[in-house]
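Each chain, written out:
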Amino acid sequence: DAGVIQSPRHEVTEMGQEVTLRCKPISGHNSLFWYRQTMMRGLELLIYFNNNVPIDDSGMPEDRFSAKMPNASFSTLKIQPSEPRDSAVYFCASSRGLATNNEQFFGPGTRLTVL
Amino acid sequence: GDSVTQMEGPVTLSEEAFLTINCTYTATGYPSLFWYVQYPGEGLQLLLKATKADDKGSNKGFEATYRKETTSFHLEKGSVQVSDSAVYFCALSDGQAGTALIFGKGTTLSVSS
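Protein sequence lines, in the order shown, are assigned to chains A and B. With the working numbering as the guide, the letters of the first sequence map in order to residues 1078 to 1192. With the working numbering as the guide, the letters of the second sequence map in order to residues 15 to 127.
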């Protein structure tokens, strides 16, 4: 089992540039979650999808952030324009569904540095 | 709203010491409770879970009991190893919100030989 795949693993960009983070969930999982982790704020849920439909995006910090899930095997998180305060590790996770006790499987994360 | 509070870290122990990491929660419904572990440079992975009051989750020598009366889910291990060094996250999933996990801030554990 390949697990959740994220790319790139590391991204360094300059302020104002567009950044796109990619995620491939585990096959058969129909819920997908994007998280951000920083020292200051800990782990934050940004948005999650069920059956490719966004369910809750209340955690998306600003309009500069957007996420899509065009099909069951791919999702993107885009930041445009990026700012230094967006520097963080971004995790994608997937689960079999939205039942309360379903385990979420996390990818290895993308470490984003905005200069 | 729902929330999770973990003890502040870092926690520094010697090998074979007893570990407790405290976790308390606030929830309006009947949440499921989880402990996730994050090893350096990796994503989080589920360590154990409990879905109802008085359930005990256990895995790899770690245990936690869902205590509704004290709204707690403390993580324990009788004898830690150097390989247990990691960040530990307590989390809850409110049934009303689906599986949108609410995480604590995480507790860093460092075990020395």
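The hints are simulated quantities; they were obtained by calculation from the structure and are not laboratory data. We treat Cβ as the ideally placed atom computed from N, Cα and C, and that holds for glycine. Treat the hints with caution; some may be incorrect.
[What the hints assert, rightly or not] Below, a list of computed lysine-lysine pairs in the DSS-like style, where the Cα atoms sit at most 30 Å apart: (1) B/K74 with A/K1101; (2) A/K1101 with B/K91; (3) B/K91 with B/K70; (4) B/K119 with B/K66; (5) A/K1155 with B/K82; (6) B/K82 with B/K70; (7) B/K119 with A/K1145; (8) B/K91 with B/K74; (9) B/K91 with B/K119.
[To be verified] Which bits of chain B does chain A cover? Going by a derived footprint, with three or more residues having C-beta under 8 Å, they are: (10) 29 to 40; (11) 114 to 127.
[Stated by the list, open to error] Here are the in silico distance ranges between beta carbons for each label pair: (12) A/N1148 with B/T122: 36 to 42 Å; (13) A/G1136 with B/T42: 30 to 36 Å; (14) B/Y53 with A/P1161: 48 to 54 Å; (15) A/E1095 with B/Y53: 27 to 33 Å; (16) A/P1161 with B/E29: 37 to 43 Å.
Hints, verified against the model:
At roughly 29 Å between alpha-carbon atoms, B/K74 and A/K1101 fall within 30 Å of each other, so this suggested pair holds. With a CA separation close to 34 Å, the supplied pair A/K1101 and B/K91 exceeds the 30 Å bound. A threshold of 30 Å between alpha carbons decides the hint, and for B/K91 with B/K70 the separation of about 13 Å falls inside it, so the pair holds. As the CA atoms of B/K119 and B/K66 are separated by approximately 23 Å, the hinted pair is consistent with the 30 Å bound.
A C-alpha spacing of about 40 Å is found between A/K1155 and B/K82, which places the hinted pair above 30 Å, so the restraint is violated. Among the hinted pairs, B/K82 with B/K70 is consistent with the structure: their alpha-carbon atoms are about 12 Å apart, no more than 30 Å. At roughly 27 Å between alpha-carbon atoms, B/K119 and A/K1145 fall within 30 Å of each other, so this suggested pair holds. Among the hinted pairs, B/K91 with B/K74 is consistent with the structure: their alpha-carbon atoms are about 9 Å apart, no more than 30 Å.
For the suggested pair B/K91 and B/K119, the alpha carbons sit about 20 Å apart, so the restraint of at most 30 Å is met. Taking a C-beta to C-beta cut-off of 8 Å, the stretch 29 to 40 of chain B contributes 0 residues in contact with chain A, too few for the three needed, and the coverage statement is violated. Counting residues of the stretch 114 to 127 of chain B whose beta carbon lies closer than 8 Å to any beta carbon of chain A gives 7, which reaches the threshold of three, so the coverage claim holds. A hinted range of 36 to 42 Å holds for the C-beta pair A/N1148 and B/T122, which are about 38 Å apart.
Range check, A/G1136 to B/T42: Cβ separation about 19 Å, and the 30 to 36 Å hint is violated. Look at B/Y53 against A/P1161: about 28 Å separates their beta carbons, and that is not inside 48 to 54 Å. In this structure the supplied range 27 to 33 Å holds for A/E1095 paired with B/Y53, their Cβ-Cβ distance being about 31 Å. At about 40 Å, the CB distance of A/P1161 to B/E29 agrees with the hint of 37 to 43 Å.
Hint compliance for this structure: hints 2, 5, 10, 13 and 14 are not met, and every other hint is.
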